[in-house]
Amino acid sequence: MNMSIRFPHLGIDLGYVGKTVSVFGFELTIYGILVMAGMLLGLTVVVLQAKRQNQDQNLYLEALIPGVVFGVICARACYIALNWKLFADEPTRALWDLRTGGLSFYGGFAGGVIALAVFCKIRKLSFGRMADTLSIGLVSSQMIGTWGNFFSREFIGTSTDSIFAMQIPVETVGSMELTSEMQKHLVKAGDVSWVQVHPLWFYESLWCLLLLVILLAYTKRKKFQGEIFMRYLAGYALGNAGIEWLRSGRPYIPGTHLPVLIPILLGIFVIFSIVATVRRILSKKREKFQKRRMEERYASEEKSSRGYQNMQSFEDVSDEFRGIFSETGESTSETEPDITEKSDELPKPISDSGQTEDEIK
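Whatever position you read off the sequence shown (first residue = 1), add 1 for this note's numbering.
Just so you know, the hints here were simulated from the structure itself, not pulled from any lab data. All figures in this text were calculated on a predicted structure; none of them were measured in a lab. Be aware that one or more of the hints could be misleading.
Straight-line Cα separation of at most 30 angstroms, DSS-like style, residue types lysine-lysine; simulated pairs [unchecked claim]:
{"id": "1", "residue 1": "LYS289", "residue 2": "LYS221"}
{"id": "2", "residue 1": "LYS52", "residue 2": "LYS285"}
{"id": "3", "residue 1": "LYS292", "residue 2": "LYS223"}
{"id": "4", "residue 1": "LYS223", "residue 2": "LYS289"}
{"id": "5", "residue 1": "LYS20", "residue 2": "LYS189"}
{"id": "6", "residue 1": "LYS304", "residue 2": "LYS292"}
Derived Cβ-Cβ restraints for the label pairs, each shown as a range [said to hold, decoys possible]:
{"id": "7", "residue 1": "ARG124", "residue 2": "SER176", "range": "42 to 52 angstroms"}
{"id": "8", "residue 1": "THR257", "residue 2": "ALA118", "range": "33 to 43 angstroms"}
{"id": "9", "residue 1": "LEU15", "residue 2": "GLU288", "range": "49 to 59 angstroms"}
{"id": "10", "residue 1": "GLN184", "residue 2": "SER163", "range": "18 to 28 angstroms"}
{"id": "11", "residue 1": "PHE290", "residue 2": "LEU11", "range": "51 to 61 angstroms"}
{"id": "12", "residue 1": "ARG124", "residue 2": "GLN184", "range": "46 to 56 angstroms"}
{"id": "13", "residue 1": "LEU217", "residue 2": "LEU83", "range": "43 to 53 angstroms"}
{"id": "14", "residue 1": "ARG287", "residue 2": "PRO9", "range": "53 to 63 angstroms"}
{"id": "15", "residue 1": "ARG124", "residue 2": "ASP14", "range": "46 to 56 angstroms"}
{"id": "16", "residue 1": "LYS86", "residue 2": "TRP246", "range": "16 to 26 angstroms"}
{"id": "17", "residue 1": "ILE34", "residue 2": "ARG124", "range": "31 to 41 angstroms"}
{"id": "18", "residue 1": "PHE290", "residue 2": "ARG251", "range": "47 to 57 angstroms"}
{"id": "19", "residue 1": "LYS52", "residue 2": "ALA300", "range": "18 to 28 angstroms"}
{"id": "20", "residue 1": "TYR17", "residue 2": "ASN55", "range": "40 to 50 angstroms"}
All C-beta atoms in this analysis are idealised placements derived from N, C-alpha and C, irrespective of residue type, glycine included.
Using the sequences provided together with the hints, build the complete structure.
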């Protein structure tokens, strides 16, 4: 079987791209390895974010176990429901038999959110705050995990001749990915027939990288708990609406050429964008109002303090003047002569003959 992959317009020709790798005698899919690598990266990012924001890192590790378990179950159940014809004979066995592959991101995401909500309810924690931190880790995980589709030859789009066009031997494309539209546009090269399609996994990886940068920028200036989570939902839905338009084998709304998921994804984008924007505006106004109230309260307290200081200064001056007047009164009484004590020393009256009254007697 020809296991090569080519990007003709980029001049890239990979002679052999395997789907599995042997580790100690066990065959592991490279898709699964990259998904696990993405999860480890996401967990690392979450722990670092929690540490930087002074959150309890152990809470996220505790929430990880029920989130992953319930998320995987919901992801598998959703995948089986969407592809019921393939698993109608043994649906119960198919639910646990993950060796055949097949997980729905939307189902896994919904299961993880439900598990987190229950965890926060039981532990009495802020769902918005934890969801904000986990969103950064989730988009980091998706950025790496989606590369697993490159090795499994999945998550490919319609035929194209764009600069990123990817050529895959038709024999290596899964029956669920191969469409009649692809078969009409096969590229012949020698004895090999190639499908030339959009690498949707690559587009999603680039979109997740851009979304990660945007979310990190918002993290430093978010206005309410849950804002990053809402921005993630809006941004991821918008990107996937564009990717869904290029996807092969997508179901259409009856009577139209519009894929079923696109209106849903655009609705999610519009709803969460509006809610996040309105709440951000209200939070800003609330901050301004609280700031103005604090300034008014500070000015009032400062004015009262200034009045008290003026009154205290007046009382101090009054006391000072009383002290001065008191000292002045004491010094005046000390320097005034005592007339009663010196009355004996006054000159005695003299008569016309020049004799005093005592001499005449």
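Verification of the supplied hints:
Under the criterion of a C-alpha separation no larger than 30 angstroms, the hint pairing LYS289 with LYS221 is consistent with the structure, at around 19 angstroms. A distance of roughly 26 angstroms separates the Cα atoms of LYS52 and LYS285; the hinted pair therefore holds under the 30 angstroms criterion. For the hint linking LYS292 to LYS223, the alpha-carbon distance of about 17 angstroms falls within 30 angstroms, and the restraint holds. Between the alpha carbons of LYS223 and LYS289 the distance comes to roughly 15 angstroms, so the proposed pair stays at or under 30 angstroms and holds.
Taking the CA atoms of LYS20 and LYS189, the gap is about 24 angstroms. The hint holds against a cut of 30 angstroms. Pair hint LYS304 plus LYS292 holds up; C-alpha atoms about 18 angstroms apart against a cutoff of 30 angstroms. Checked against the hint of 42 to 52 angstroms, the pair ARG124 and SER176 passes, with Cβ atoms roughly 45 angstroms apart. Checked against the hint of 33 to 43 angstroms, the C-beta distance between THR257 and ALA118 comes to roughly 35 angstroms, which is consistent with it.
For the hinted restraint 49 to 59 angstroms between LEU15 and GLU288, the CB-CB distance of approximately 53 angstroms keeps it satisfied. One distance hint, 18 to 28 angstroms for the beta-carbon pair GLN184 and SER163, holds here, with the actual separation near 19 angstroms. Roughly 55 angstroms separates the CB atoms of PHE290 and LEU11, a value that falls within the hinted 51 to 61 angstroms. The hinted range of 46 to 56 angstroms is satisfied by ARG124 and GLN184, whose Cβ atoms lie roughly 53 angstroms apart.
About 33 angstroms separates the C-beta atoms of LEU217 and LEU83, a value inconsistent with the hinted range of 43 to 53 angstroms. In this structure, ARG287 and PRO9 meet the distance hint of 53 to 63 angstroms, their C-beta atoms being roughly 56 angstroms apart. Distance hint check: the CB atoms of ARG124 and ASP14 are about 53 angstroms apart, consistent with the given range 46 to 56 angstroms. For LYS86 and TRP246, the hinted distance range of 16 to 26 angstroms is satisfied, since their beta carbons lie about 25 angstroms from each other.
Between ILE34 and ARG124 the Cβ separation comes to about 33 angstroms, which falls inside the hinted range of 31 to 41 angstroms. Range check, PHE290 to ARG251: Cβ separation about 48 angstroms, and the 47 to 57 angstroms hint holds. At about 40 angstroms, the beta-carbon gap between LYS52 and ALA300 misses the expected band of 18 to 28 angstroms. Checked against the given bound of 40 to 50 angstroms, the beta carbons of TYR17 and ASN55, roughly 49 angstroms apart, stay inside it.
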